[in-house]
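From just these sequences and the hints, can you work out the full model?
With this note's numbering applied, the sequence shown corresponds to residues 144 to 777, in that order.
It cannot be assumed that every hint is accurate.
Stated by the list, open to error - Estimated spans, in silico, between C-beta atoms of each pair:
hint, residue 1, residue 2, range
1, Gln369, Asp474, 33 to 39 Å
2, Lys657, Leu768, 53 to 59 Å
3, Glu639, Val539, 18 to 24 Å
4, Asn540, Ile763, 48 to 54 Å
5, Ser658, Gln531, 46 to 52 Å
As the list claims (entries may be wrong) - With a Cα cut of at most 16 Å, we get these calculated EDC-like pairs of lysine to aspartate or glutamate:
hint, residue 1, residue 2
6, Lys551, Asp611
7, Lys551, Glu634
8, Lys594, Asp623
9, Lys485, Asp474
10, Lys657, Glu643
11, Lys274, Asp623
12, Lys476, Glu534
13, Lys264, Glu388
14, Lys602, Glu643
15, Lys594, Glu634
16, Lys476, Asp532
17, Lys475, Asp532
18, Lys551, Glu639
19, Lys302, Asp474
20, Lys570, Asp499
21, Lys430, Glu388
22, Lys585, Asp289
23, Lys274, Asp463
24, Lys602, Asp576
Calculated directly from the structure, the hints in this document are not laboratory data. Heads up, the beta-carbon is just placed ideally off N, CA and C, and yes, glycines get one too.
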Amino acid sequence: MRSGGAAEVIDLSSDDDEESLPFPSTSAVTIAPSSPRDVKPYELADVKPLLYPIQPPGCYALVPVKDEEPVPLPLAAEAPRVLPPPRLCRQFWKSGEYVVARRNPDADAPGGRNRLRINPKFLHSNATSHKWAFGAIAELLDNAIDEVNNGATFVRVNKFTNPRDGSSSLLVQDDGGGMDPDALRCCMSFGFSDKQSDAFIGQYGNGFKTSTMRLGADVIVFTQNQKNWTPTRSIGLLSYTFLMETGCDDVLVPTVDYQYDLTTASYTQLLRHNQKLFSSNLAILSKWSPFASEAELLKQFDDIGEHGTKIIVFNLWFNDDGDMELDFNSDKKDILITGAQKKVKTNKHEKLVTQDYIANRLRYSLRAYASILYLRVPDSFRIILRGQDVEPHNVVNDLLYRECVLYKPQIAGLPELSIVTTIGFVKGAPDTDVQGFNVYHKNRLITPFWKVASNSYGKGRGVVGILDASFIKPTHDKQDFEKSVLYQRLENRLKEMTYEYWGLHCHRLGYDNKSLPKASRALYHAKQTGAGTSPASVPHQLLTADVPTSSCAQSSMGQKRNFDALGVIGNINNHQTKHRDVIQRKRFHEYKTLTLENDKLRDECLQYEESEKQLVEKNIVIMLLGTKASVSNC
Numbered sequence: 144m145r146s147g148g149a150a151e152v153i154d155l156s157s158d159d160d161e162e163s164l165p166f167p168s169t170s171a172v173t174i175a176p177s178s179p180r181d182v183k184p185y186e187l188a189d190v191k192p193l194l195y196p197i198q199p200p201g202c203y204a205l206v207p208v209k210d211e212e213p214v215p216l217p218l219a220a221e222a223p224r225v226l227p228p229p230r231l232c233r234q235f236w237k238s239g240e241y242v243v244a245r246r247n248p249d250a251d252a253p254g255g256r257n258r259l260r261i262n263p264k265f266l267h268s269n270a271t272s273h274k275w276a277f278g279a280i281a282e283l284l285d286n287a288i289d290e291v292n293n294g295a296t297f298v299r300v301n302k303f304t305n306p307r308d309g310s311s312s313l314l315v316q317d318d319g320g321g322m323d324p325d326a327l328r329c330c331m332s333f334g335f336s337d338k339q340s341d342a343f344i345g346q347y348g349n350g351f352k353t354s355t356m357r358l359g360a361d362v363i364v365f366t367q368n369q370k371n372w373t374p375t376r377s378i379g380l381l382s383y384t385f386l387m388e389t390g391c392d393d394v395l396v397p398t399v400d401y402q403y404d405l406t407t408a409s410y411t412q413l414l415r416h417n418q419k420l421f422s423s424n425l426a427i428l429s430k431w432s433p434f435a436s437e438a439e440l441l442k443q444f445d446d447i448g449e450h451g452t453k454i455i456v457f458n459l460w461f462n463d464d465g466d467m468e469l470d471f472n473s474d475k476k477d478i479l480i481t482g483a484q485k486k487v488k489t490n491k492h493e494k495l496v497t498q499d500y501i502a503n504r505l506r507y508s509l510r511a512y513a514s515i516l517y518l519r520v521p522d523s524f525r526i527i528l529r530g531q532d533v534e535p536h537n538v539v540n541d542l543l544y545r546e547c548v549l550y551k552p553q554i555a556g557l558p559e560l561s562i563v564t565t566i567g568f569v570k571g572a573p574d575t576d577v578q579g580f581n582v583y584h585k586n587r588l589i590t591p592f593w594k595v596a597s598n599s600y601g602k603g604r605g606v607v608g609i610l611d612a613s614f615i616k617p618t619h620d621k622q623d624f625e626k627s628v629l630y631q632r633l634e635n636r637l638k639e640m641t642y643e644y645w646g647l648h649c650h651r652l653g654y655d656n657k658s659l660p661k662a663s664r665a666l667y668h669a670k671q672t673g674a675g676t677s678p679a680s681v682p683h684q685l686l687t688a689d690v691p692t693s694s695c696a697q698s699s700m701g702q703k704r705n706f707d708a709l710g711v712i713g714n715i716n717n718h719q720t721k722h723r724d725v726i727q728r729k730r731f732h733e734y735k736t737l738t739l740e741n742d743k744l745r746d747e748c749l750q751y752e753e754s755e756k757q758l759v760e761k762n763i764v765i766m767l768l769g770t771k772a773s774v775s776n777c
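Pasting the structure below:
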């Protein structure tokens with residue numbers, strides 16, 4: 144951070160060779176509107192030359208003209224309180240149309256050098272990578288989780304009411320380390336990321352832009368930092384509405400900075416250029432943000448504390464029906480996706496159980512989605528949604544007959560990896576019609592309940608697994624994985640795993656397992672029908688009796704489960720090896736079944752022996768009593 148620098152409007156397309164900016168050309172016509180936003184669509188003005196300081200030819204606009212001392216904090220003039228609604232289409236998937244004002248040709252290639260421009264329409268097209276609004280919110284939660292390394296203890300997600308028009312906005316706030324002025328500019332720019340460690344979820348430096356622009360047309364950021372023991376405050380505005388209505392041909396982000404002055408014990412303006420540019424940026428913030436004055440802007444720091452970041456996304460997008468995509472009203476303790484909660488009225492227990500399970504609720508409930516978003520949440524960290532903590536939901540605790548399967552992917556040039564997959568039947572199966580794998584990457588959920596196997600004739604129904612597959616790369620929106628060879632191998636292995644588990648345990652849910660011997664099938668059928676219990680209740684009893692959590696299956700399945708399936712793909716033509724493997728699996732199934740049957744028969748024998756012993760004791764007592772009675776009669 145340059146000492147004594149001034150705040151500037153960030154040009155997100157600026158490269159390392161920043162060019163000098165010319166004097167405003169007469170070709171850029173400025174129209175004097177009659178109201179703050181009363182600008183005709185075809186009379187848009189090129190505002191960029193007016194936002195940069197006017198420099199003589201050969202000077203660089205982004206280099207400070209001179210070092211300046213902070214000045215006392217003046218209050219900006221009051222901006223108009225009520226603004227007309229923005230003219231852009233409020234439906235996200237239809238808001239990509241953009242009209243650029245007449246360009247200043249002298250600004251295209253100053254000094255004879257070409258430069259790369261980023262059209263504001265790129266903000267919209269870049270955000271289309273998020274097909275799902277909750278996926279965009281998850282990106283902001285990821286940034287807060289990453290701040291645990293800087294002391295963050297919470298992230299707060301809530302509704303924020305826009306003071307200008309009373310509309311609903313989205314608030315995301317954390318108490319992490321915050322950002323200094325330079326870090327905020329990197330956050331607002333494209334491709335800047337210092338998260339190279341495996342401890343961080345973010346990687347590309349693009350999540351903030353894509354997520355906020357997917358949720359709403361505009362976002363304002365308040366951040367406070369104490370880097371180098373010098374407290375600073377920074378405010379930045381990324382506004383698609385501002386860029387569209389002013390007709391900018393570049394992505395511009397007005398920012399202002401403040402630093403703490405020990406002499407006055409207050410925050411004063413931090414000028415990176417000059418007072419004129421600071422006032423210009425402040426005027427843009429006051430006009431296009433929800434806060435109409437500098438005093439209102441600074442008031443937002445009151446609840447941030449010594450360090451932290453507050454993000455407010457406003458002008459939220461609407462869905463195709465014209466309703467706001469995020470629903471803040473149906474549930475005061477949750478944020479829902481409008482129209483996604485479609486419960487079917489039915490009296491069938493099966494459908495009711497399936498609708499209420501988290502695999503269905505996470506599609507429309509942010510609380511449900513956030514509860515399984517992270518495999519492990521640090522003990523000192525809280526996710527607070529609408530004023531109430533989100534309780535982590537460990538899907539492993541929902542599983543019956545759990546098994547841990549070892550999977551070893553072969554990756555060229557890397558040491559051997561060992562991935563443990565926990566698999567089992569979800570509670571309520573087979574009534575709960577849910578199946579699939581929750582696959583995480585660096586502790587972050589990527590694919591919830593990924594259905595890798597078809598459940599024709601009920602095969603695989605109720606089988607759920609959990610694993611962390613950090614060896615394959617997720618897509619940029621972190622809602623899927625890149626379709627690489629490793630991904631395809633993983634998919635095939637999980638499919639095999641599902642069918643293997645089903646073949647071993649489906650009889651415990653009442654299914655007729657034809658792979659078992661007839662005697663075992665008859666035993667289970669008699670056990671279930673004779674006890675007068677439902678199929679779903681019998682397996683739980685069997686689990687406690689003969690199948691511990693760490694079952695012998697995971698050690699005895701060494702020929703298949705603890706074998707690296709990916710390493711033998713190249714030997715697929717070895718039919719003898721495959722044939723032996725099939726025989727060994729069948730033998731293991733028979734062995735497992737006979738072992739279970741033997742254990743049950745042994746338990747029954749012990750019960751019979753105990754009953755016999757009790758009967759013998761009773762007979763002895765009766766005989767003694769009879770003998771005593773006859774003696775007394777004599």
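Item to complete: Check each numbered hint against the structure and report the violated ones by number, ascending.
Response: none
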